[in-house]
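> The hints should help you fit chain B onto chain G, whose structure is shown.
Protein chains: 2
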Amino acid sequence: MNTSNYSVKTIEWQGDEVVMIDQRVLPLEEEYIHHTTWQEVGASIKTMVIRGAPAIGVATAMGMALAARQSTATSQDDLKRDLDEAAKGLFATRPTAYNLGWALEQQAKIYNESGDVDKIRVRLKVRSQEILDEDVAMCVAMGEHAAPLFPKGARILTHCNAGALATAGYGTALGVIRSVFKRDPTIHVFADETRPFLQGARLTAWELQQEGIPCTLITDNMSGYFFKKGEIDAVVVGSDRIAGNGDVANKIGTYMVSVLAKEHGVPFYVAAPTSTVDLSLTDGSQIPIEERDPAEVTHCGSRQIAPTGIGVRNPAFDVTPHQNIAAIITEMGVHSEPYTESLAAAKKGK
Amino acid sequence: MNTSNYSVKTIEWQGDEVVMIDQRVLPLEEEYIHHTTWQEVGASIKTMVIRGAPAIGVATAMGMALAARQSTATSQDDLKRDLDEAAKGLFATRPTAYNLGWALEQQAKIYNESGDVDKIRVRLKVRSQEILDEDVAMCVAMGEHAAPLFPKGARILTHCNAGALATAGYGTALGVIRSVFKRDPTIHVFADETRPFLQGARLTAWELQQEGIPCTLITDNMSGYFFKKGEIDAVVVGSDRIAGNGDVANKIGTYMVSVLAKEHGVPFYVAAPTSTVDLSLTDGSQIPIEERDPAEVTHCGSRQIAPTGIGVRNPAFDVTPHQNIAAIITEMGVHSEPYTESLAAAKKGK
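In the order they appear, the protein sequences are chains G and B. Throughout, the working numbering is defined as the position within the first sequence, counted from one, plus 18. Throughout, the working numbering is defined as the position within the second sequence, counted from one, plus 18.
Next comes chain G alone, as it looks inside the complex (with noise of 0.2 Å):
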């Protein structure tokens, strides 16, 4: 799969550099953050230069081809014990992304396995590239199994970013819609605008935009009003991960409109790669939900909008259970309920 087609370089290698668009100043800015360090790297991680979790994982495949370079290392036990090091520093940033840690077992079974600590570092850095390659793979695939679900001239409401700019490239939930565009240039996307972060008017909105794939980008209060008058006929999301039973975490307001799609009998629909299911929870109760820094809530980016001392919550995610949900997308195809015996299947391959 050769990247370049996509016009969004969320994050790539250039020469020894890990290179990443910095998502906090999109769409005003467009400027893109130089790594040397798996320490530079598990920053632009948490502050949120980079996120969505298949990014994040690329990132973190990436971070760890760093940390194998800075270690000066000649011994195996030596060059595991600074890439354990690394690698404990950087699940630490984002506990909900599950590719992360998905991301870094990839890497650790490369520096598990014994052999020179040269090749070794060549491998960590050549696997990052590969699992870049493979989630835009995944995603075009991902795109191509949903587009038939979609009814022509369909009206489709998104939730946050689940763009190129949440993956590697071309996006699940925004590579679908990509995908139905493609094939029906008549569809409409609603882009919530996903506070406290904004990711869908900063983000979502900029890459419809860059396709130019017609779009309303609206309030998160607002999609109850147009459910309501019969405005949004779909809805798909991303996720940042699925447990075995079809449940979802994804961004925080993903649940509400698994609800209102419900209240309305609108199809809602889930696409991650299979990368995202971990079969390890046997439900979504189980999945940690990051809460994060009171002044996102407080502050609309720099500006302060809510007095100060004021309490705050701010879980990050939340879990949309696998009743509200008519179909998972995975690059294997579409999976239904039930879910465990669906999910379970395209895991191994099926």
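Wrong hints could be hidden among the right ones.
It does not matter which identical chain is meant; a pair holds if it fits inside one copy or across any two.
Unchecked claim - Okay, derived cross-link-like pairs now, DSS-like style, lysine-lysine, Cα gap no bigger than 27 Å in a straight line: (1) K200 <-> K98; (2) K246 <-> K170; (3) K127 <-> K143.
Note that these hints are calculated values from the structure, not bench results.
Chain B only, in chain G's frame:
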């Protein structure tokens, strides 16, 4: 009713000056504007130093009292001429505000009756204070009627600002919360920030903080998470207009909250004076929904948060169907289904 018991002073007489808190700069600045002329009051209504129909009504009545003081007339005819001119000027500030015209009528009754000009001056000032006190008394009555509905230690969600700042004082939905808190200081309030205008973050959070009522500010897409965790026991909101069948128009996002409340078996209450009930409308579909400036959505305050040129919808209100409403509380009592009967009776003063 002694309004000095309440810490949030929306508008009041200080000697011969009308003092208003400047709602445009809350919560970061607490500035009070002193008015000695009806023209200054008119400018403050027009520029939204003060907002909310009841509060505007009080400001108008006080502006007329200032106009009488400004007038050097010694005959009633001359005074009437000066006051008619002031009334015309005040009416032009927000010509659609129902309470504005009503307040002018109240004052015209006084100065159109024959009498001593100095006595008229006094009576205009007294009447303006009565209008303020009556509005607060209605809010307090609503609170007293509603308070027994809430369980001990209730965790109450509210949306937008239906507080002291939207009325002459005390508030409708926030008035209910004040009354509940007076009986049970263990309650806790969740305040939706209420994009795009952020009345929840700016005004409700501030009012609750002033009163020492425990409050947690959340973004509009978070309430679903807390409903699901069983952390919300009741919802109370205000209303901009109520149809004869109990359908309630209120700030955008209210409908969404009502659907979540229904999904989780949580009672959803509306607090509003009977003057909000419009029996000429048989149901909520007849309530016109204002769409406001797209810049409110693409910006947060003065800060642009979305790409230039993106499509936007910005409905300011939505309609919550009466089926989702456990009770409507007015100054007359607690009303429930069938609302066609209970609201008609309340309007008749039964």
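> Now, for every hint given, state plainly whether the structure supports it.
We went through each hint and held it up to the structure:
1. With identical chains, the CA atoms of K200 and K98 are never at most 27 Å apart, being 45 Å at best within one copy and 62 Å at best between copies.
2. Taking CA atoms no more than 27 Å apart as the test, K246 paired with K170 passes inside one copy only; the shortest distance there is 20 Å, against 34 Å between copies.
3. Proximity of K127 to K143 under the C-alpha cut-off of 27 Å is restricted to the intra-copy arrangement: shortest distance 13 Å within a copy versus 83 Å between copies.
Of the numbered hints stated above, the single one contradicted by the structure is hint 1.
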